[in-house]
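*Asks:* Sequence:
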Amino acid sequence: MQAQTSKHLIQLFVASLLLILASACEDVINIDIEEREPTLVVDGWLTDQPGSQTIRLTQTQTYLNNSFNPAVTGAVVRVTDSEGIVFDFADQGDGNYVWSPTAGERLGQIGRSYRLQIETNGEEYEARTAINRVPEPDSINIELREAELGQPEGL
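Here this note's numbering = 1-based position in the sequence shown + 15.
Calculated from the structure, these hints are not laboratory results. A hint or two may mislead.
What follows is a list of derived Cβ distance ranges for each label pair [as the list claims (entries may be wrong)]: (1) A105 with N156: 15 to 25 angstroms; (2) L79 with A105: 26 to 36 angstroms; (3) V101 with E168: 48 to 58 angstroms; (4) P167 with V113: 38 to 48 angstroms; (5) N81 with L24: 43 to 53 angstroms; (6) Y78 with A145: 26 to 36 angstroms; (7) G165 with Q132: 46 to 56 angstroms.
Note that the Cβ used here is the ideal one computed from N, Cα and C, for glycine as well.
Work out the full structure, taking the sequences as your base and the hints as a guide.
*Replies:* Here is the structure:
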């Protein structure tokens, strides 16, 4: 009987302690977040694969704004390769700028470097990159992992 009473007292103590700790966390903290001017966000992935290529332009927004980033329209978007070939991207009106090849054209070629130029709202932006050959894998390993810590079994 005494062991059962002790067990109930311990449970009551733990429950009381948790209640006190949970109610002690009610302080509201207001963080003063500095407002900044929107910044251009460029999202693009140019490949050596045939077909259209897309670059998306948006602007950043305030930290607490949960809506989608606003699209940037009316910009001039151009990619120039190391051979001097210019690829003009057409504004689709939704922040997407698309280059569509004509017969036999391809934008990305392994071994060439590329310069992205963007003109919008009186500002000019530029970035450079290259498409390099991807090394061939020398081996591939597969491992079966047992289920642990709530993670399912799998490869």
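*Asks:* All hints, please: hold or fail.
*Replies:* To see whether the hints hold, each was checked on the structure:
Distance hint for A105 and N156: a CB-CB separation of about 45 angstroms, inconsistent with the stated range 15 to 25 angstroms. In this structure the supplied range 26 to 36 angstroms holds for L79 paired with A105, their Cβ-Cβ distance being about 34 angstroms. At roughly 53 angstroms, the beta carbons of V101 and E168 sit within the given window of 48 to 58 angstroms. Between P167 and V113 the Cβ separation comes to about 40 angstroms, which falls inside the hinted range of 38 to 48 angstroms.
The supplied range of 43 to 53 angstroms is met by N81 and L24, whose beta-carbon atoms lie about 47 angstroms from each other. The hinted window of 26 to 36 angstroms between Y78 and A145 holds, with their beta carbons roughly 35 angstroms apart. At roughly 49 angstroms, the beta carbons of G165 and Q132 sit within the given window of 46 to 56 angstroms.
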